[in-house]
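Could you build all of it, start to finish, from the sequences and the hints given here?
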Amino acid sequence: MDAVIKTTDLHKSFGHVKALDGLDLEVREGEIHGFLGPNGAGKSTTLRILLGLARASSGSASLLGRDPWTDAVELHRRIASVPGDVSIWPNLSGGEAIDLVSRLRGGSDDAAYRERKRHLCELFDFDPTKKGRAYSKGNRQKVALIAALVTPAEVYLLDEPTSGLDPLMESVFTREIRRLARENGVTVLLSSHILSEVEQLADRVSIIRSGRIVDGGTLDSLRHLTRTEISFWQDSVDPTSLNALSQVHDLTVAEGRIKFSADSDRVHEVLPLLGSLGVKGLLVTPPSLEELFLRHYGDHVTPAAPEPADDGAPHRRRHRSAARTGA
Amino acid sequence: MSTLWILYRQRLRRDRLQLAVWVLSIGVLGLFSVSAIAKTFGDEASRAQVLQLATATPAILVLRGLARGPALDSFTFFEIYAFLALLAGLMNTFMAVRHTRAEEESGRAELVAATGAGRWSPLAATVLHGLVADALVSVAVALGFIAGGLDPAGSFVAGLATGAAGFAFLGVGLLAGQFFSTSRAANGIAAALVMLAYLLRGYGDATGTVSADGMTVTAAWPSWLSPTGWGQQTFAYTGNRLWPLLLPVGLAAACIGVVVLIMARRDVGASVLAGRAGRPDARASLRGTFALAFRLQQGTIVGWCLGGLATGLITGSLGSAIQSTLSSNASITDALRAMVEAQGTSMTQLLVAALFEIAGVLAAACGVQAVLRMRQEEAAGTAEFVLSEPVGRARWLGSFVGLGAISVVLVMGFTALGAWVSLVASGDTSTAVGDVWQTALAQLPAALIYLALPAAVFVVWPRATIPAGWALLGLGVVLGIYGGMLGFDEKIRDISPFTHTPVVTSTGTDWSGGFWMLAVAAVLALVSLALMRRREIGTA
Chain A
1 MDAVIKTTDL HKSFGHVKAL DGLDLEVREG EIHGFLGPNG AGKSTTLRIL
51 LGLARASSGS ASLLGRDPWT DAVELHRRIA SVPGDVSIWP NLSGGEAIDL
101 VSRLRGGSDD AAYRERKRHL CELFDFDPTK KGRAYSKGNR QKVALIAALV
151 TPAEVYLLDE PTSGLDPLME SVFTREIRRL ARENGVTVLL SSHILSEVEQ
201 LADRVSIIRS GRIVDGGTLD SLRHLTRTEI SFWQDSVDPT SLNALSQVHD
251 LTVAEGRIKF SADSDRVHEV LPLLGSLGVK GLLVTPPSLE ELFLRHYGDH
301 VTPAAPEPAD DGAPHRRRHR SAARTGA
Chain B
1 MSTLWILYRQ RLRRDRLQLA VWVLSIGVLG LFSVSAIAKT FGDEASRAQV
51 LQLATATPAI LVLRGLARGP ALDSFTFFEI YAFLALLAGL MNTFMAVRHT
101 RAEEESGRAE LVAATGAGRW SPLAATVLHG LVADALVSVA VALGFIAGGL
151 DPAGSFVAGL ATGAAGFAFL GVGLLAGQFF STSRAANGIA AALVMLAYLL
201 RGYGDATGTV SADGMTVTAA WPSWLSPTGW GQQTFAYTGN RLWPLLLPVG
251 LAAACIGVVV LIMARRDVGA SVLAGRAGRP DARASLRGTF ALAFRLQQGT
301 IVGWCLGGLA TGLITGSLGS AIQSTLSSNA SITDALRAMV EAQGTSMTQL
351 LVAALFEIAG VLAAACGVQA VLRMRQEEAA GTAEFVLSEP VGRARWLGSF
401 VGLGAISVVL VMGFTALGAW VSLVASGDTS TAVGDVWQTA LAQLPAALIY
451 LALPAAVFVV WPRATIPAGW ALLGLGVVLG IYGGMLGFDE KIRDISPFTH
501 TPVVTSTGTD WSGGFWMLAV AAVLALVSLA LMRRREIGTA
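Protein chains in written order, with my numbering: chain A, 1 to 327; chain B, 1 to 540.
Please note: incorrect hints may appear among the correct ones.
Stated by the list, open to error - With a cut-off of at most 25 Å between alpha-carbon atoms, the simulated SDA-like pairs for lysine to any residue come out as follows:
| no. | chain 1 | residue 1 | chain 2 | residue 2 |
| --- | --- | --- | --- | --- |
| 1 | A | 131 | B | 286 |
| 2 | A | 137 | B | 379 |
| 3 | B | 39 | B | 20 |
Treat the hints as calculated values from the structure; they're not laboratory data.
Keep in mind it's a predicted model, so treat the numbers as computed, not measured.
So this is what it looks like as structure tokens:
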């Protein structure tokens with residue numbers, strides 16, 4: 001498996017602000033790669049460099065084996081992208097904008113294209129006849145999504161592609177990306193700040209914070225890093241038996257509810273006991289990205305507990321040591 | 001009442017720098033013109049001579065004003081008032097649209113309308129803002145003239161005439177904002193109406209009745225259709241009449257009344273002329289970056305071309321007006337004809353040259369807008385959308401600059417067409433008729449500089465593109481076209497491209513200035529294209 005996207009020690013500064021601070025990212029052919037990080041971490045900057053819209057201050061980036069800055073035009077023929085902040089022309093209709101972008105990419109206007117466009121408009125419940133200025137944020141996002149999906153590409157660079165979409169449309173998007181990956185074997189780099197969205201799609205994940213990759217690997221390898229919040233009504237339940245379990249952490253009783261967290265990959269081991277206690281009003285909250293950051297990295301990006309070696313481990317370790325000295 | 005005060009303060013705060021620049025420039029321009037006139041035409045005899053020449057030459061009257069005697073103060077008012085009123089008008093229309101339609105377009109108006117301010121306080125605050133601004137303009141003009149040593153009472157009349165004309169255009173701008181759903185369209189039409197008012201007044205003055213001594217002119221009826229013309233009717237310094245100013249104030253009130261009627265019936269964000277629904281599929285012609293640039297600019301190009309056509313038609317119809325003036329005033333005509341012919345130029349050529357200079361500015365403005373559009377595309381983020389596709393940065397830049405060049409040629413072409421048609425229709429058979437095409441051609445190099453210069457700014461310092469684009473054009477106009485009148489040294493005036501525009505005469509034309517400017521424009525454009533390959537695309 002070759003790396004379709006590879007950046008090495010990528011730096012980008014805007015004046016005094018370091019947007020990227022030694023970013024090493026590798027996306028392999030045919031995978032859906034989640035690119036996770038909070039706002040302002042450098043996700044959009046990375047994607048803009050990969051699109052040749054911005055130039056790296058130092059370090060190298062390659063896309064399909066070529067330089068995204070010098071070979072931008074040739075590369076764009078093989079790439080589809082959704083920008084992080086979608087804006088469309090106020091006086092062009094949504095349908096016109098989609099057609100224009102597709103033609104710029106060299107797509108033809110044949111019946112197959114028109115059928116794909118009609119189909120996508122229907123899937124996303126999108127009215128292509130309105131003028132750009134009349135669209136809501138979600139609808140502008142749909143223009144960019146449809147334009148990206150309607151013409152075939154080898155690599156998809158998607159910057160928070162579902163922002164502004166309702167949950168129904170999010171699932172349409174997820175389905176379409178899965179279908180592309182399955183049928184055409186495309187490579188997708190999907191940036192997001194929502195863990196659950198990435199969880200549904202990604203084969204592997206890289207987590208970016210303050211311009212560098214702080215963790216990465218398969219989702220399973222990351223899951224142990226997170227803890228799931230579990231709570232239920234106190235009633236007359238005696239929590240001491242729970243406290244004895246090694247999987248249970250930070251047990252508290254407040255506002256009539258018992259709350260604790262459990263290692264996400266071991267939640268099932270706690271459930272039998274909860275069942276025998278007959279708890280009511282059970283809430284199981286999966287870990288959010290924010291939690292993952294707070295719990296495992298804090299403000300200083302401290303190293304996480306050692307873990308069994310997997311394919312993501314080597315570059316992860318390198319990053320942690322870099323982070324420790326750099327931050 | 002309290003929301004009105006808050007909104008007024010917000011407007012003042014937002015415009016504080018812009019407003020100060022407008023007001024000071026208008027006042028200082030007044031002061032400059034007095035001192036320049038005092039220096040160039042120091043004694044009354046020389047001013048009387050100039051005035052005689054001017055009243056016999058409608059071309060001069062179009063760009064100046066209504067002659068009311070050779071005294072320094074009335075002569076200054078004749079020279080500069082129409083231009084000051086033009087500036088005040090533009091200040092007001094932009095202000096009106098900025099605080100109404102632009103706010104609705106951006107959605108901010110909705111935010112405000114949802115509070116206790118409702119629909120009416122923002123409008124009232126904008127009117128108040130305009131009133132205060134126009135009062136400041138009046139004071140600035142009056143103080144500028146007084147500082148130049150002119151009669152204080154007349155100076156205040158002149159100031160009020162400027163402010164009142166400006167206020168009329170505040171109403172016009174507000175009304176335009178009701179009709180169009182975009183601030184771009186509203187600004188365009190309102191600014192065009194300001195230009196139209198200037199030209200109507202020019203037409204009325206040029207076709208007016210000249211007194212026997214050639215010292216005063218009574219304007220013809222077209223001047224009475226223009227707020228700028230109404231301001232001239234105050235006869236500042238010679239008559240000091242204030243009643244004509246009821247007309248611009250009345251026009252503003254009428255416009256605001258209609259605005260209130262429309263706003264009482266429409267939704268926030270809607271407009272009288274509703275945007276049409278779009279096409280589900282693009283036309284086959286919407287392919288590539290040039291087609292996109294054209295699609296984005298087509299409305300603007302049509303507008304400027306119509307402006308050019310109107311300028312051309314006015315030029316031509318003035319030609320026939322001159323013929324009648326010449327025949328009715330034989331003594332002046334002979335002397336004048338001798339003077340003009342000594343320069344190897346016919347009267348019609350003189351007129352065409354003067355008015356095509358204005359058309360050259362229109363064409364340059366059209367070119368500037370094509371380049372500014374590029375920056376707007378970048379700031380809005382749509383440029384990023386296009387450049388994420390297989391489109392080279394240089395090709396993208398080239399499309400907009402190329403379109404700008406074509407639109408410059410189109411605007412001048414329509415100007416020449418208008419002049420040619422109306423000259424032919426008026427029965428003119430002199431060589432001047434054919435010369436309009438050459439004169440139009442002569443304006444192109446200067447206009448093309450205004451295409452290449454902002455393009456270079458866009459590549460090197462993107463954020464400055466829009467202010468620099470207009471400021472450079474404004475500077476060129478002030479130095480090149482009004483520089484002599486304002487008393488600037490020739491070396492300074494020569495900075496402006498417009499001073500190097502070839503002058504077409506029947507005895508031969510020196511085209512070297514034009515070729516030099518073409519070369520400069522070409523080099524600037526090529527450098528921009530080369531540097532664009534190395535430039536990042538961003539919204540900053």
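Comparing the hints with the structure gives:
Only pairs whose Cα atoms come within 25 Å are accepted, and residue 131/A paired with residue 286/B is accepted, the gap being roughly 15 Å. Of the supplied pair hints, the one linking residue 137/A and residue 379/B holds, its CA atoms being roughly 17 Å apart against a limit of 25 Å. Using a Cα cut-off of 25 Å, the hinted pair residue 39/B and residue 20/B is violated, with the two alpha carbons roughly 28 Å apart.
In this structure, the one hint that does not hold is number 3.
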